[in-house]
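Full structure from sequences and hints, please.
Protein chains: 6
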Amino acid sequence: MLNERVAYVNGEIVPESRATISIHDLGFVYGDAVYDTARTFGGRLFKLPEHIERLYQTLRYARIDPGLTPAQMTQKTEALVAANLPLLGEGEDYWVTQRISRGIARYEGDPVPYEGATVVIECVPLPLKGRAHYYRDGIPVATPAVRRIAPEALSPRAKTTNYLNMTLGDLEVKARDPKLWAVLLDHNGNLCEGIGANIFVVRDGVVMTPKEDHVLPGISRATVLELCRDLGLPAEERDLAPHDAYIADEAFLTSTSLCMCPVSSFNDVKLAPVPGPVTKRLIDAYAQLVGLDFVAQYSSRL
Amino acid sequence: MLNERVAYVNGEIVPESRATISIHDLGFVYGDAVYDTARTFGGRLFKLPEHIERLYQTLRYARIDPGLTPAQMTQKTEALVAANLPLLGEGEDYWVTQRISRGIARYEGDPVPYEGATVVIECVPLPLKGRAHYYRDGIPVATPAVRRIAPEALSPRAKTTNYLNMTLGDLEVKARDPKLWAVLLDHNGNLCEGIGANIFVVRDGVVMTPKEDHVLPGISRATVLELCRDLGLPAEERDLAPHDAYIADEAFLTSTSLCMCPVSSFNDVKLAPVPGPVTKRLIDAYAQLVGLDFVAQYSSRL
Amino acid sequence: MLNERVAYVNGEIVPESRATISIHDLGFVYGDAVYDTARTFGGRLFKLPEHIERLYQTLRYARIDPGLTPAQMTQKTEALVAANLPLLGEGEDYWVTQRISRGIARYEGDPVPYEGATVVIECVPLPLKGRAHYYRDGIPVATPAVRRIAPEALSPRAKTTNYLNMTLGDLEVKARDPKLWAVLLDHNGNLCEGIGANIFVVRDGVVMTPKEDHVLPGISRATVLELCRDLGLPAEERDLAPHDAYIADEAFLTSTSLCMCPVSSFNDVKLAPVPGPVTKRLIDAYAQLVGLDFVAQYSSRL
Amino acid sequence: MLNERVAYVNGEIVPESRATISIHDLGFVYGDAVYDTARTFGGRLFKLPEHIERLYQTLRYARIDPGLTPAQMTQKTEALVAANLPLLGEGEDYWVTQRISRGIARYEGDPVPYEGATVVIECVPLPLKGRAHYYRDGIPVATPAVRRIAPEALSPRAKTTNYLNMTLGDLEVKARDPKLWAVLLDHNGNLCEGIGANIFVVRDGVVMTPKEDHVLPGISRATVLELCRDLGLPAEERDLAPHDAYIADEAFLTSTSLCMCPVSSFNDVKLAPVPGPVTKRLIDAYAQLVGLDFVAQYSSRL
Amino acid sequence: MLNERVAYVNGEIVPESRATISIHDLGFVYGDAVYDTARTFGGRLFKLPEHIERLYQTLRYARIDPGLTPAQMTQKTEALVAANLPLLGEGEDYWVTQRISRGIARYEGDPVPYEGATVVIECVPLPLKGRAHYYRDGIPVATPAVRRIAPEALSPRAKTTNYLNMTLGDLEVKARDPKLWAVLLDHNGNLCEGIGANIFVVRDGVVMTPKEDHVLPGISRATVLELCRDLGLPAEERDLAPHDAYIADEAFLTSTSLCMCPVSSFNDVKLAPVPGPVTKRLIDAYAQLVGLDFVAQYSSRL
Amino acid sequence: MLNERVAYVNGEIVPESRATISIHDLGFVYGDAVYDTARTFGGRLFKLPEHIERLYQTLRYARIDPGLTPAQMTQKTEALVAANLPLLGEGEDYWVTQRISRGIARYEGDPVPYEGATVVIECVPLPLKGRAHYYRDGIPVATPAVRRIAPEALSPRAKTTNYLNMTLGDLEVKARDPKLWAVLLDHNGNLCEGIGANIFVVRDGVVMTPKEDHVLPGISRATVLELCRDLGLPAEERDLAPHDAYIADEAFLTSTSLCMCPVSSFNDVKLAPVPGPVTKRLIDAYAQLVGLDFVAQYSSRL
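Protein chains in written order, with our numbering: chain B, 47 to 348; chain A, 47 to 348; chain D, 47 to 348; chain E, 47 to 348; chain U, 47 to 348; chain Z, 47 to 348.
To be clear, the hints were calculated from the coordinates, so they are not data collected in a lab.
Among the clues, some could well be false.
Which copy? The list can't say, so a pair holds if one copy fits it or any two copies do.
[Unchecked claim] DSS-like cross-link-like pairs, simulated, lysine-lysine; straight-line CA separation at most 27 Å: (1) K175 / K93; (2) K316 / K225; (3) K220 / K93; (4) K122 / K220; (5) K175 / K225.
Okay, structure coming up:
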């Protein structure tokens with residue numbers, strides 16, 4: 047019986063401890079890679095088709111041919127999750143990621159190890175324990191001075207592995223307090239996004255989030271916007287300034303792993319106690335949609 | 047006797063075919079890595095101290111602790127080159143790269159494979175044959191529409207592996223002609239840089255190149271500026287517009303591997319026959335400095 | 047009987063070969079002129095009132111008094127078309143242009159030839175043969191590196207003769223392939239416009255085109271938006287990034303002469319075979335509206 | 047004997063009243079033209095080689111082949127001046143302009159009137175009388191709200207006929223007072239240039255003017271910078287903000303026709319009485335260099 | 047009986063002539079203060095709750111604790127108006143302002159005069175006579191060259207006392223004509239706002255005003271948007287370029303004191319006679335809403 | 047004998063506790079005021095002429111007439127310092143400030159209290175005790191997300207009281223740690239300035255500070271640049287990115303009160319132990335120039 051998770055690497059299923067890529071892989075050498083990450087709820091993948099569609103959009107943008115059709119990518123992803131399910135602990139869930147690089151850098155005179163892209167699929171456990179406190183206390187959000195890369199240089203709507211810009215933002219705020227969660231401003235100084243997270247603010251009952259012109263169009267973000275429609279909550283995709291966050295009634299982050307998590311403060315200015323009523327209502331609807339009380343899932347690790 | 051190149055990976059010397067990193071390495075997962083590349087001339091490393099100094103500046107900027115002092119990094123680099131020298135073909139030379147990621151992504155409940163950064167050092171042969179035509183015909187340079195990332199998001203002076211922005215520029219121009227070499231414009235629309243290459247233009251005897259505010263301060267670029275001083279050629283670091291390239295008398299690119307190579311056209315507008323007299327004079331001085339006629343080295347592969 | 051087309055020049059009808067303006071005309075000297083261009087379908091002018099309205103908006107913006115009321119301008123335009131109709135070849139149609147400069151530059155001591163603006167109206171044959179291949183193969187679109195003039199310097203909504211910015215974009219892409227059609231990016235790096243052409247992309251059944259804040263509000267563009275309403279196709283005027291073009295299902299250009307023509311590739315990346323289903327549906331509706339199968343009109347010249 | 051000035055039009059010398067271009071000339075249709083303007087002092091051309099060199103740089107940038115070598119263009123220009131000299135009034139001088147468009151727009155089925163560019167050379171009298179008051183009172187300078195076109199869209203260093211942006215600036219300030227001279231700000235909000243004029247400010251004895259990155263590198267501007275060197279006056283090419291003008295000790299404009307003329311006020315804020323001592327010293331040196339007291343030449347028309 | 051207006055200063059009601067603040071007050075020293083201004087109609091405060099809400103948003107943004115709840119601030123404001131009502135002249139009305147600074151600058155060793163914020167509430171008479179001509183002639187609007195502060199530096203939605211940027215714009219246009227009213231452009235060159243005034247343009251029956259992303263969300267502006275809804279007039283909050291003003295059918299300004307006042311010209315280009323029909327209709331509805339014919343109120347002072 | 051400091055307010059010398067301005071003063075109402083601050087060393091004013099010159103430049107820029115000549119302003123400043131000298135504690139020194147507003151807001155029907163500007167001159171004790179720890183530990187500098195106002199909106203070279211932009215930056219960093227000193231980035235993302243402080247970085251022996259295009263040209267900053275010249279230290283005024291701070295060998299702040307104080311960390315990344323050797327050398331020279339060991343003066347309060 048399996049006692050180690052397995053990963054998909056270029057057509058083979060291997061134990062993670064032996065799941066490696068060449069030091070010449072372009073994803074490692076030049077960040078020449080893209081990815082997408084879904085998660086499971088109670089072991090079941092959520093909105094995998096949406097994730098696969100976004101992955102293939104990013105591949106088109108990066109002009110990488112993964113060598114697999116979307117249907118094949120879906121099938122292999124599902125198979126990998128199935129293979130790893132027995133190792134999922136009680137009450138745990140998986141992050142499920144496809145990561146695709148342009149392949150191996152070629153050097154003159156060297157043999158060609160294989161043609162085409164490098165495709166990796168992996169399951170890793172969600173950081174339930176490490177983030178549990180955020181569901182109790184809310185997430186303290188801070189805006190670093192470093193700005194998000196402008197779309198004219200690299201589209202924020204493409205999910206690539208070039209995260210150093212956001213990593214620098216995260217390092218800047220975490221250096222002062224490891225609990226802080228960085229939300230970078232875009233090149234115009236509006237609220238943009240953090241590492242893998244979209245931000246929402248609520249004011250006078252209106253739910254607002256930055257336009258996808260400047261942020262990754264998160265699947266969880268889209269889920270919240272759909273829930274707003276279902277619940278009859280007015281929702282807007284619009285430019286949001288720091289001013290909007292300072293005067294917000296409520297705020298929350300969304301991400302594949304977080305789903306939704308309330309924000310407790312913005313640049314060390316406290317918001318109202320969390321979760322606010324609109325956030326609470328959306329969290330409840332989100333949990334119902336995915337069939338799992340993710341707040342309880344996180345909180346049970348406290 | 048060695049019949050395969052070896053690489054340094056986290057303290058060990060391994061054959062390249064077995065030189066791998068984990069699929070969880072942050073350099074692969076999030077492009078969370080930096081690097082620097084020197085080259086050999088006749089098997090001897092050139093300006094390694096300058097490369098090592100720039101590498102450690104980038105590490106400071108990225109807040110990555112490589113776990114090695116500059117002296118240790120230098121020693122291990124030199125040792126690796128020595129180990130691979132026997133495999134260097136007649137008239138060939140090596141690219142020598144240190145690549146350092148922040149380490150392995152940690153997942154809850156997983157064992158910790160090792161602490162700290164991932165350090166890779168590798169030697170790969172220079173693409174002498176593939177680029178030989180550039181020394182005969184000059185490099186046709188084109189500016190893609192995609193702009194270089196602005197310094198307020200990511201410093202161009204830090205040599206990180208987040209190259210997708212430049213890769214997109216390269217894909218844009220190579221899709222129309224694989225021989226084209228992309229030189230991106232910066233966020234102000236001035237001449238910036240290409241993948242690993244700085245651009246120079248010459249007009250009325252003045253040698254000009256973009257300021258390091260917007261480009262990687264290439265070691266070869268610095269070498270050319272020093273040679274200008276030695277030769278009494280006026281040289282300026284200044285903002286250069288496409289207009290400067292359209293009306294230039296001469297232009298050339300510099301990079302670690304190219305050293306200096308003349309530019310034949312700019313956006314399909316022919317410049318004067320290459321190499322121009324100033325470029326030729328600098329190439330000769332460069333070859334003398336490094337003790338190897340690199341033009342002949344490349345051209346012999348035609 | 048007339049064997050040469052005639053033009054209207056400052057109140058007179060003259061054969062085109064003798065239709066001239068002074069070398070001191072401000073339209074020639076300083077580009078101090080505006081224009082608008084309609085076309086005929088089967089010899090009948092289409093949406094002339096809309097073109098005249100836009101022309102007079104541009105005149106107000108440029109503070110040029112044409113010395114004619116909109117009604118007079120309309121009447122003289124219609125009269126000129128009528129005069130030239132006999133010379134229209136079988137299956138051909140006319141571009142019909144009003145071009146108005148601020149008049150003649152005055153120099154000290156010189157006599158004043160006439161007061162006020164220079165008004166030219168002309169009919170020229172549409173380039174049916176030269177563009178026929180675009181209707182068979184689609185238009186390969188490319189984005190040059192040169193950016194469109196920002197609205198804070200010159201309004202893109204005013205149709206002036208200051209086209210050098212767009213001409214530079216066109217020269218940049220045509221130097222590499224004369225079939226390429228340039229679509230410049232705006233100063234934010236979003237899709238903007240080409241010489242006399244608006245761009246549309248289609249994704250998931252939604253028809254999208256840049257907002258008129260950054261482009262000329264083309265009459266054909268407006269026609270397509272009206273057709274979308276009539277056909278129940280969702281349509282949006284919004285900022286569009288190159289990313290939108292790379293992942294588009296379909297794309298097309300609109301212009302007075304083209305009406306609508308499918309786009310085959312974007313920066314040398316192929317889109318799906320042309321015309322796509324939404325484009326086809328709009329083309330059919332467009333042809334019905336104007337009472338002429340313009341695709342057949344162009345294609346018959348192949 | 048000649049009683050009307052003549053002009054050069056495409057190889058022929060014609061009286062100005064019959065010097066015309068086709069209404070299909072691309073310079074008139076699309077502003078697809080470039081030019082340069084020198085002036086005479088006492089009937090003698092000043093710095094014609096510098097003007098011709100700049101003209102050919104602009105032609106390269108615009109990719110227009112004039113069909114004449116620089117030497118031919120020079121010869122034809124000098125010949126035209128010689129032909130018109132007899133008509134030059136007592137104490138008058140000429141503006142001498144080469145204007146070159148890309149040629150005639152081609153329409154399908156139309157005969158081709160001629161190949162290649164349209165070349166016009168003309169002499170017109172300087173506006174001595176109209177501007178005389180500026181030498182007595184100084185020039186009141188105002189900055190319109192409209193900004194100069196950014197270099198990433200159109201190089202300010204290329205002297206093209208696309209002047210509408212500057213014309214709009216001029217209209218904006220002249221609508222409130224016809225004596226005002228517009229100096230536009232660049233896209234960063236720094237002092238840029240007016241129609242055919244560079245601005246200089248003087249503070250604490252230092253003569254400063256905007257860098258040629260953002261302005262036309264005027265021949266008169268260069269002349270002033272050379273005179274500064276000759277006179278030992280410190281001079282700087284640098285970004286200048288409106289703040290620099292508000293606190294300036296002196297300011298002046300330079301242009302081919304003005305040579306140098308003091309500025310009396312900036313946005314209706316008076317500067318010190320004109321001309322200031324540094325301006326006066328430079329004017330005297332300028333007059334000596336060109337061999338004509340241009341201030342007296344203008345002032346005699348009062 | 048009271049023969050001088052009184053003001054509220056830090057909890058006390060004092061005659062205005064003795065209503066002072068320390069020279070060390072941070073509002074005076076560093077502009078470290080915010081405010082809001084309502085007005086009376088026939089002595090009755092209009093939309094005070096909306097003004098108080100905006101004031102408290104600005105206080106949150108500036109992180110100033112006024113030491114009073116919104117209810118207390120409201121009560122004290124109403125009490126002050128009541129106290130000053132007897133001094134209101136026939137047909138006059140009051141501007142009613144709360145101005146709150148962060149308090150007193152503290153210097154080492156100095157005694158602390160009081161803790162916390164400085165709160166001032168004051169009533170001053172509206173400038174009915176001084177502005178009466180605007181209701182007869184319309185307001186001539188001009189755009190200065192100085193740009194509005196970008197939101198990334200200071201939110202335009204926060205009503206702070208840092209008005210120097212707008213004051214500079216006002217000085218720039220008033221220096222040429224004291225009747226001109228400055229409307230600054232934003233950092234993108236779009237129509238923004240003037241001192242305490244929002245701008246609206248009307249074209250083809252559509253009422254348009256800049257988005258609140260770039261301007262103070264005026265209470266009068268909101269009132270007009272509500273009236274548009276009530277009257278069935280289409281209204282849009284969108285980016286507006288100077289082009290929109292040049293081609294507008296009508297334009298008007300709104301402010302607390304003006305309510306609505308027609309614009310007669312834009313940069314000295316006349317608009318149609320004022321008030322236009324849409325403006326007139328909105329003015330009438332506005333007057334009805336507030337229960338006072340403010341046009342008559344102003345005009346009676348002519 | 048005097049037991050309270052006095053201030054100059056509009057021509058009168060009054061005890062500070064009674065030194066007040068009207069609540070209608072434009073400096074309080076609209077931040078319509080400018081200022082300058084010198085300091086004493088051992089009771090003697092340092093570089094007062096330079097401060098007065100900058101004050102009058104700012105007054106010109108703001109178009110405020112103070113009603114006093116520079117000589118009068120100087121004399122009144124010196125007199126005020128003399129009057130307050132007896133109250134200066136052992137080893138203490140004064141900040142000496144002129145603050146000038148445009149005067150009193152005028153309201154219709156109100157009497158005019160006085161004409162012209164409000165002029166305040168004051169002496170306050172330097173915060174020696176509160177800042178002493180910075181000289182022992184160095185100053186921890188942090189860059190807030192809020193950007194400095196761009197020069198096109200308000201010149202950073204004018205010393206006005208509109209400090210809210212910098213106050214917001216300071217609040218942002220002090221909310222997380224009251225010891226942090228904010229240095230804002232400019233609108234391009236380069237290092238700019240903090241409240242009343244310029245930043246310098248030192249690398250490879252070169253002393254660098256941002257150009258005065260983007261910062262207040264501090265008198266202490268100029269003093270350091272002069273000392274560099276005197277000591278033969280290479281010094282550059284240039285754009286500096288955060289990258290420059292992250293890789294700096296040393297850094298320090300300058301201000302009138304601080305003179306020079308070493309920086310210990312940048313965004314929580316430690317620099318080398320403070321003061322570095324170049325900083326130390328400059329501090330010693332600075333102390334010698336002003337005739338007072340200001341480090342000892344501060345440190346004695348620990």
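Using 27 Å as the alpha carbon limit, work out where K122 and K220 are close: within a copy, between copies, both or neither.
neither (37 Å within a copy, 33 Å between copies)
Since the copies are identical, ignore which copy is meant and state whether K175 and K225 lie within 27 Å (CA to CA) inside a copy, between copies, both or neither.
Within one copy, since 14 Å is at most 27 Å while 33 Å is not.
Go through the copies and call it for K220 and K93: within, between, both or neither, with a Cα cutoff of 27 Å.
neither (31 Å within a copy, 36 Å between copies)
27 Å Cα cut-off: does K175 pair with K93 within a copy, between copies, both or neither?
within (24 Å within a copy, 48 Å between copies)
Within, between, both or neither: K316, K225 at alpha-carbon 27 Å
Close inside one copy (15 Å) and across copies (20 Å); limit 27 Å.
Comparing the model with each numbered hint stated earlier shows that hints 3 and 4 do not hold.
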